[in-house]
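Modelling step: build the complete structure from the supplied sequences, incorporating the hints.
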Amino acid sequence: MSKNLAEFFRETRQEARKVTWPKQKETAVTTVIVFIMIFIVSMILMTADGVISEAVKLILALGAK
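Under the numbering used here, the letters of the sequence shown match residues 2 to 66, in that order.
Please note that a few of the clues may not be correct.
[Said to hold, decoys possible] What follows is a set of in silico ranges between Cβ atoms, one per label pair, in the way DEER data are often shown:
1) 58 x 26: 44 to 50 Å
2) 52 x 32: 27 to 33 Å
3) 4 x 34: 41 to 47 Å
4) 21 x 61: 52 to 58 Å
5) 4 x 46: 49 to 55 Å
6) 46 x 7: 46 to 52 Å
7) 12 x 55: 53 to 59 Å
8) 43 x 16: 32 to 38 Å
9) 59 x 33: 36 to 42 Å
10) 41 x 18: 33 to 39 Å
11) 27 x 60: 44 to 50 Å
12) 23 x 60: 46 to 52 Å
13) 62 x 23: 52 to 58 Å
14) 5 x 27: 33 to 39 Å
Keep in mind that the hints were calculated from the coordinates and are not lab data.
In this text, a Cβ means the ideal position worked out from N, Cα and C, and glycines have one as well.
As structure tokens, this is what we get:
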């Protein structure tokens, strides 16, 4: 068991050395893009929610008459 565990950590360390990590600037740009997309999608969803909410109110008002 301990042999397998030691081998696992050795292989994990070897694989981690092969990883090509992004540069700091690339990470910063990607982060900004993600936040912009989150904002855009949240605005779209907020608008859709408002439209659907008003449509439901209209339908319920018509049914109450």
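Consistency of the hints with the structure:
no.	hint	verdict
1	58 x 26: 44 to 50 Å	holds (48 Å)
2	52 x 32: 27 to 33 Å	holds (31 Å)
3	4 x 34: 41 to 47 Å	holds (45 Å)
4	21 x 61: 52 to 58 Å	holds (56 Å)
5	4 x 46: 49 to 55 Å	holds (52 Å)
6	46 x 7: 46 to 52 Å	holds (49 Å)
7	12 x 55: 53 to 59 Å	holds (58 Å)
8	43 x 16: 32 to 38 Å	holds (37 Å)
9	59 x 33: 36 to 42 Å	holds (40 Å)
10	41 x 18: 33 to 39 Å	holds (38 Å)
11	27 x 60: 44 to 50 Å	holds (49 Å)
12	23 x 60: 46 to 52 Å	holds (50 Å)
13	62 x 23: 52 to 58 Å	holds (53 Å)
14	5 x 27: 33 to 39 Å	holds (37 Å)
Hint check: no violations occur; every hint is consistent with the structure.
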